[in-house]
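This is what each chain is made of:
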Amino acid sequence: MLNRFFLTLRDAGIPVTLTEYLGLLAALDARVAVEDVDSFYYLARAALVKDEKHYDRYDRAFAAHFKGVEQAFAGFAKELPADWLRRTLERVLTEEEKAKVEALGGWDKLMETLAERLREQRGRHEGGSKWIGTGGTSPFGHGGFNPEGIRIGGQGGGRRAVKVWEKREFRNLDDTIELGTRNIKIALRKLRRFARDGAAEEFDLEGTIDSTARNAGLLDLRFVPERHNAVKVLLFLDVGGSMESHVRVCEELFSAARSEFKHLEYYYFHNFLYESVWRDGRHRNAVRTPTLEILRTYPPDYRVIFVGDASMSPYEIMQPGGSIEHWNDEAGAVWMQRLTTRYPKHVWLNPEPENRWDYTASIGITRKLLDERMYPLTLEGLDRAIRALRA
Amino acid sequence: MYSGSDQNEDPSVTAKFEGTERYVATDDLMVAVNAAVTLARPLLVKGEPGTGKTQLAEEIAAALGKPLHRWHIKSTTKAQHGLYEYDAVSRLRDSQLGEAKVHDIANYIVKGRMWEAFDSDVQAVLLIDEIDKADIEFPNDLLLELDRMEFFVHETRRLIKARHRPIVVITSNNEKELPDAFLRRCFFHFIRFPDADTMTRIVAVHFPDLKRELLSEALNAFYRVRDVPGLKKKPSTSELLDWLKLLLAEDVPPEALRADDPRKSLPPLYGALLKNEQDVHLFEQVMFLQRRQRS
Chain A
1 MLNRFFLTLR
11 DAGIPVTLTE
21 YLGLLAALDA
31 RVAVEDVDSF
41 YYLARAALVK
51 DEKHYDRYDR
61 AFAAHFKGVE
71 QAFAGFAKEL
81 PADWLRRTLE
91 RVLTEEEKAK
101 VEALGGWDKL
111 METLAERLRE
121 QRGRHEGGSK
131 WIGTGGTSPF
141 GHGGFNPEGI
151 RIGGQGGGRR
161 AVKVWEKREF
171 RNLDDTIELG
181 TRNIKIALRK
191 LRRFARDGAA
201 EEFDLEGTID
211 STARNAGLLD
221 LRFVPERHNA
231 VKVLLFLDVG
241 GSMESHVRVC
251 EELFSAARSE
261 FKHLEYYYFH
271 NFLYESVWRD
281 GRHRNAVRTP
291 TLEILRTYPP
301 DYRVIFVGDA
311 SMSPYEIMQP
321 GGSIEHWNDE
331 AGAVWMQRLT
341 TRYPKHVWLN
351 PEPENRWDYT
361 ASIGITRKLL
371 DERMYPLTLE
381 GLDRAIRALR
391 A
Chain B
1 MYSGSDQNED
11 PSVTAKFEGT
21 ERYVATDDLM
31 VAVNAAVTLA
41 RPLLVKGEPG
51 TGKTQLAEEI
61 AAALGKPLHR
71 WHIKSTTKAQ
81 HGLYEYDAVS
91 RLRDSQLGEA
101 KVHDIANYIV
111 KGRMWEAFDS
121 DVQAVLLIDE
131 IDKADIEFPN
141 DLLLELDRME
151 FFVHETRRLI
161 KARHRPIVVI
171 TSNNEKELPD
181 AFLRRCFFHF
191 IRFPDADTMT
201 RIVAVHFPDL
211 KRELLSEALN
221 AFYRVRDVPG
231 LKKKPSTSEL
241 LDWLKLLLAE
251 DVPPEALRAD
261 DPRKSLPPLY
271 GALLKNEQDV
281 HLFEQVMFLQ
291 RRQRS
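Sequences listed follow chains A and B, in order.
If you're matching positions, the first sequence starts at 1 in the numbering used here and goes up one per residue.
If you're matching positions, the second sequence starts at 1 in the numbering used here and goes up one per residue.
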């Protein structure tokens, strides 16, 4: 039975290994937690989950595994098996109710709405007629009046006890969701590369001992340059237009990057990169920096990070004169190519959710221009981006 | 949850950790600690600053009646420092002074914290504090030592083996990701920020004579501060305890802590809770907005 639990966890994307599983079995064997399911839950968590960002996934996997029936929701609320839902609903609904569903716009509409609500909704909800939760009249959630509703997690009405793992208190530690300045800093910190260069100013004990020994015991002092983060970053941020809704997360990324890198140069652009960028939001039309100057100024060991939603008309990338703000003699794609050839270490961070990228043509084009080095602006995406920058 | 620290008479039987008089342990924490103690595996503890990670090791040692060895990690700490160091400088000096002990290299091997813990006559508790402060390779360099609880002293060609596998508690502030190989060998626990109930118990442990009214008003004020979105540094448990200490010392009446006082937006002695002026400013603004909405 536990073997299957182990596999469930792996399927849920928690990196558990055999060593850890054996550790759990050893702990059970030593009677560390046998009294009740709660302490088993804690024990298995301590033994198998090594990062609080996986706690939420663990909670969901635990609930799914130890509840049998609700395993049908193995897609973890991201993708509900539509066919299964439909069949279940067809079984429980009366003719009258089915007519009501038709009135809501039919099955497909209903499924669509459900998927959408699941995406939109965060946190628990009770009552009301829109959100998925308990006791409402919305067709989603459980224990409600609207037909029988679709039960998503939770127990049937009447039973009160909320299980620990159902509280899902670690939801916002999941790295695919929340992004705060501190989290970003930690992610950016992985890009650190310490190096010693500059003037020698730190006393080198090891070196002194070594050279003194070679010097037959006559003291020979040695100094080395201080260690510091040698990574240099060039940051291009999209501002305005469709980026308005992503301002907060971009600000956080920016403030984290600024405190993390000694050599950070940043520039703003609108929608796409053309012949000039700017640094000061207030005087963007007066004080612009030609992109060519950037290419000349910063050596190719700079890591380049573009941040933008890359959502625009494809003309803005592909056509000369395509920019919505001014006349550009050369297409954005040309400028992008110049930048990527000059700076081989580059990534594009996109605040749009990754699963929506395929619906926007310009995102596809940008990805091609960047050799698919586009990553979502989530912690996990940032992680992948940093890895690409380090490689 | 606190039920007295049962100091076991017989040291060979490992007692169960259930918190102490000064430390409130939640269920999940107790399970994790007991699992780590029973299987003699390292316990990795993470959590917000000020939730008592370092304290935990001290309390485990106190509750189980074992000696504690603390090893505080800095950015310059190397794994080797925990094992032993070869004091070449003293030896060099002694050789120039012509001392006799210079011929035995063992005289210049300085034991590290880990060696001390290995050497202990009874099972010891070893705290490796803030492991994430060290270089990224640091945890990897300790893998074998933590796994087998032994290491080799090259200078004297001696194998040092732990006489009793120590209980190892490792804390991390999450500043660096720890390598998988290292994580596999540990039990892991994330100390959550305590909810209001747990917090009441924690405070009761530290200030048994605190008046009920003052406590509930103070906790309300505390969570009000913590819940302000966008604070640079959220006040933590240890800051709450400091603040209460100040409130008691100044003999602040409970009424002064209420939020509905229109003249004051900041709780008294707020300096113990909010640690930079941006946060103070932000909090004042939020309180002002809330009051305006209410009136």
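Take the hints with a grain of salt, since some may be wrong.
A few chain B positions that, by computed beta-carbon distances, are all more than 10 Å from chain A [stated by the list, open to error]:
| id | residue |
| --- | --- |
| 1 | A32 |
| 2 | E58 |
| 3 | V89 |
| 4 | S95 |
| 5 | D121 |
| 6 | D180 |
| 7 | A204 |
| 8 | V228 |
| 9 | R291 |
No more than 27 Å apart at the CA atoms, straight line, and that leaves these computed lysine-lysine pairs for DSS-like [stated by the list, open to error]:
| id | chain 1 | residue 1 | chain 2 | residue 2 |
| --- | --- | --- | --- | --- |
| 10 | B | K245 | B | K233 |
| 11 | B | K176 | A | K262 |
| 12 | A | K262 | A | K345 |
| 13 | A | K53 | B | K161 |
| 14 | B | K46 | A | K232 |
| 15 | B | K46 | A | K53 |
| 16 | B | K275 | B | K133 |
| 17 | B | K234 | B | K176 |
| 18 | B | K275 | B | K233 |
| 19 | B | K245 | B | K74 |
| 20 | B | K78 | B | K211 |
| 21 | B | K245 | B | K275 |
| 22 | A | K262 | B | K111 |
| 23 | B | K176 | B | K233 |
| 24 | B | K245 | A | K53 |
| 25 | B | K233 | A | K53 |
| 26 | B | K16 | B | K74 |
| 27 | A | K345 | A | K368 |
| 28 | B | K46 | B | K211 |
| 29 | A | K53 | B | K232 |
| 30 | B | K232 | B | K245 |
| 31 | B | K133 | A | K262 |
| 32 | B | K16 | A | K262 |
| 33 | B | K74 | B | K232 |
| 34 | B | K111 | B | K133 |
| 35 | B | K161 | B | K211 |
| 36 | B | K101 | A | K262 |
| 37 | B | K211 | B | K234 |
| 38 | A | K232 | A | K368 |
| 39 | A | K262 | B | K74 |
| 40 | A | K262 | B | K275 |
If you're looking for bench data, these hints aren't it; they were derived computationally from the structure.
If you're wondering where the values come from, they're calculated on a predicted model, not measured in any experiment.
Beta carbons are placed, not taken as given, at the ideal position from N, Cα and C, and that holds for glycine.
To see whether the hints hold, each was checked on the structure:
no. : hint              : verdict
1   : A32               : violated, 4 Å
2   : E58               : holds, 20 Å
3   : V89               : violated, 7 Å
4   : S95               : violated, 7 Å
5   : D121              : holds, 25 Å
6   : D180              : violated, 7 Å
7   : A204              : holds, 23 Å
8   : V228              : holds, 14 Å
9   : R291              : holds, 25 Å
10  : K245/B <-> K233/B : holds, 20 Å
11  : K176/B <-> K262/A : holds, 18 Å
12  : K262/A <-> K345/A : holds, 18 Å
13  : K53/A <-> K161/B  : violated, 36 Å
14  : K46/B <-> K232/A  : violated, 31 Å
15  : K46/B <-> K53/A   : holds, 11 Å
16  : K275/B <-> K133/B : holds, 22 Å
17  : K234/B <-> K176/B : holds, 21 Å
18  : K275/B <-> K233/B : holds, 7 Å
19  : K245/B <-> K74/B  : violated, 30 Å
20  : K78/B <-> K211/B  : violated, 48 Å
21  : K245/B <-> K275/B : holds, 17 Å
22  : K262/A <-> K111/B : violated, 38 Å
23  : K176/B <-> K233/B : holds, 19 Å
24  : K245/B <-> K53/A  : violated, 34 Å
25  : K233/B <-> K53/A  : holds, 20 Å
26  : K16/B <-> K74/B   : violated, 32 Å
27  : K345/A <-> K368/A : holds, 15 Å
28  : K46/B <-> K211/B  : violated, 32 Å
29  : K53/A <-> K232/B  : holds, 21 Å
30  : K232/B <-> K245/B : holds, 24 Å
31  : K133/B <-> K262/A : holds, 19 Å
32  : K16/B <-> K262/A  : violated, 49 Å
33  : K74/B <-> K232/B  : holds, 24 Å
34  : K111/B <-> K133/B : holds, 22 Å
35  : K161/B <-> K211/B : violated, 52 Å
36  : K101/B <-> K262/A : violated, 49 Å
37  : K211/B <-> K234/B : holds, 25 Å
38  : K232/A <-> K368/A : holds, 25 Å
39  : K262/A <-> K74/B  : holds, 21 Å
40  : K262/A <-> K275/B : holds, 25 Å
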